[in-house]
Structures are given as structure tokens and as C-alpha cells.
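Visitor: For the protein sequence lines, the chains are A and B, in the order given. What the first sequence shows, in my numbering, is residues 10 to 118, in sequence order. What the second sequence shows, in my numbering, is residues 901 to 1016, in sequence order.
The hints are simulated quantities; they were obtained by calculation from the structure and are not laboratory data. For every residue, glycine included, the Cβ atom is placed at its ideal position computed from N, Cα and C. Any given hint could be a false lead.
Chain A residues, not near chain B, derived (Cβ > 10 Å throughout) [said to hold, decoys possible]:
| # | residue |
| --- | --- |
| 1 | Gln15 |
| 2 | Leu20 |
| 3 | Glu24 |
| 4 | Gly25 |
| 5 | Ile27 |
| 6 | Ser62 |
| 7 | Gly63 |
| 8 | Phe70 |
| 9 | Lys76 |
| 10 | Phe84 |
| 11 | Ser91 |
| 12 | Thr110 |
| 13 | Thr115 |
| 14 | Ile117 |
| 15 | Pro118 |
The calculated DSSO-like cross-link candidates involving lysine-lysine, where the alpha carbons are at most 27 Å apart (straight line), are [unchecked claim]:
| # | chain 1 | residue 1 | chain 2 | residue 2 |
| --- | --- | --- | --- | --- |
| 16 | A | Lys51 | B | Lys907 |
| 17 | A | Lys11 | B | Lys965 |
| 18 | A | Lys79 | A | Lys11 |
Now for the letters of each chain:
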Amino acid sequence: QKEVEQDPGPLSVPEGAIVSLNCTYSNSAFQYFMWYRQYSRKGPELLMYTYSSGNKEDGRFTAQVDKSSKYISLFIRDSQPSDSATYLCAITTGNQFYFGTGTSLTVIP
Amino acid sequence: SAVISQKPSRDICQRGTSLTIQCQVDSQVTMMFWYRQQPGQSLTLIATANQGSEATYESGFVIDKFPISRPNLTFSTLTVSNMSPEDSSIYLCSVESGLAGLGSQYFGPGTRLTVL
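With the hints as constraints, model all of the structure from the sequences given.
Guide: And the structure:
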């Protein structure tokens, strides 16, 4: 079983839609949860991070962690064409990092 | 956040040759990481490079194939040796951020390698 599982998509939504991206993980020892955004031909950039269950909001982005279900989500409100990218979840114990395979998102104008 | 640059940004190489990838950070960092990113796969950690010590390699990666140098706190190189088409991938360096004690990483733009 992989440490982190992520649906690769691709996901295609119209501009203005709410996007939900999800990952599951296997080890309850994981403490820190991150989302990275990767534009084509660029390195991943840190989008959001959290270390507790619940929601964390940053503008149009909300990161949600449910430790009881080992499930993390990233919600994008009012999606824009500039949000078109691959989104990777990442989980760490603080020593070991595990990345999802990434979900490809296209926001259609 | 750290600003990371990599050279070259891309290269096309012949089988059996070697390529050295450079990673430069705009601030001093203790740990630098080298990853491989293949299509449809998650980022795979190759090794962790600390200044002044031997790099630590992950399972499936060996120093003879991926020698790493870390001469100072802002620079590292990864060499892909005796390349084969299976080495075609994006290679990324990253550094750990001290975000309020949390572990997270910042990545360079990547080096896109194609081996013919």
C-alpha cells in the first residue's frame, strides 16, 4: 500500500466552479500536510500547509484534513484559468516526505 | 521562501554519457534534496545532501549512478552517470523550509533530461 494515494485525474471544470482535490494516506503518524501546485515545465510550489485536523483557508483555497479518516482535501473556490496546473499533496512525519502522484486540473474559460 | 535555480533547464543526452545538474540556493540551507519526477508518478527522493558529509541515498539509488556533491551551504550537484533511456525524467532539487517548525520543501524549476 502506498503511503499517499491521489487520483491523477485529469479534472476539467468551467471557470468559476468549485474544485475538490483529494488524497488519502495510510500512516496515522503523519503530522504535516501540504499542497503543492506545479505549472507545466516548472517545479512544484508550496501552496498550503497544515498540521492539524480541520480547515485552513487562504483566499480562494481551503485545505482540509480529517485525521480520523486519513483524508486530506484542497478546495478551490471561484476557479480561474490561471489555476490550471497539477496539484500534488504531500505528507510528512517531519523526517520523511511522501508525495501524491498529482492531479491535473484544467479550468476552462 | 528560498529561491532555487537549476542548470541546465533541459538537455538531450546520448546513452552511456553522464550529465551533471547544478542547484543554487539564494540562502544558506542545511539540507538539500534531489528528486526524480517521471510522468504519472509521484516525486521520488533520490538522496539527501548535507554539507560536509556524504549524501544519504534512498532505496534503489546508489552513489555510483547518482554521485552528489555539496561543497557549501548554497550549492549542490547531481550527476546522472552512464545514462540509459530509463533515466529520462525531470530532476528537481529542493530545500527544506523552517516554516514555523513545520517541515515543507521549496523546489527548483527542474532539469528535464531526455536520454536517446
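Visitor: For each hint, tell me whether it holds in the structure or not.
Guide: We went through each hint and held it up to the structure:
Taking the minimum C-beta to C-beta distance to chain B, about 8 Å, the non-interface status of A:Gln15 is violated against the 10 Å cut. No Cβ of chain B approaches the Cβ of A:Leu20 within 10 Å, the least distance being about 15 Å, so the stated non-interface status holds. Here A:Glu24 stays apart from chain B, with its beta-carbon at least about 27 Å from theirs, past the 10 Å limit. Even its closest Cβ contact with chain B, about 29 Å, leaves A:Gly25 beyond 10 Å, as expected for a residue assigned away from the interface.
Listed as outside the interface, A:Ile27 is consistent with that label: its C-beta sits roughly 25 Å from the nearest C-beta of chain B, beyond the 10 Å cut-off. Every CB of chain B is more than 10 Å from the CB of A:Ser62 (nearest about 15 Å), matching its label as outside the interface. The beta carbon of A:Gly63 is kept farther than 10 Å from every beta carbon of chain B, the shortest such distance being approximately 16 Å. In this structure A:Phe70 is separated from chain B by more than 10 Å, as the shortest Cβ-Cβ distance comes to about 15 Å.
No Cβ of chain B comes within 10 Å of the Cβ of A:Lys76; the nearest lies about 16 Å off, and the non-interface call holds. Taking the minimum C-beta to C-beta distance to chain B, about 20 Å, the non-interface status of A:Phe84 holds against the 10 Å cut. In this structure A:Ser91 is separated from chain B by more than 10 Å, as the shortest Cβ-Cβ distance comes to about 18 Å. Once the 10 Å rule is applied to beta carbons, A:Thr110 is inconsistent with being away from chain B; the minimum gap is 5 Å.
No beta-carbon of chain B comes within 10 Å of the beta-carbon of A:Thr115; the shortest separation is about 17 Å. Taking the minimum C-beta to C-beta distance to chain B, about 23 Å, the non-interface status of A:Ile117 holds against the 10 Å cut. A cut-off of 10 Å between C-beta atoms confirms that A:Pro118 is not in contact with chain B; the least separation is 26 Å. Between the alpha carbons of A:Lys51 and B:Lys907 the distance comes to roughly 13 Å, so the proposed pair stays at or under 27 Å and holds.
A threshold of 27 Å between alpha carbons decides the hint, and for A:Lys11 with B:Lys965 the separation of about 26 Å falls inside it, so the pair holds. A hinted pair counts as satisfied when its Cα atoms are at most 27 Å apart, and A:Lys79 with A:Lys11 qualifies at roughly 13 Å.
Comparing the model with each earlier hint shows violations of hints 1, 12; every other hint is respected.
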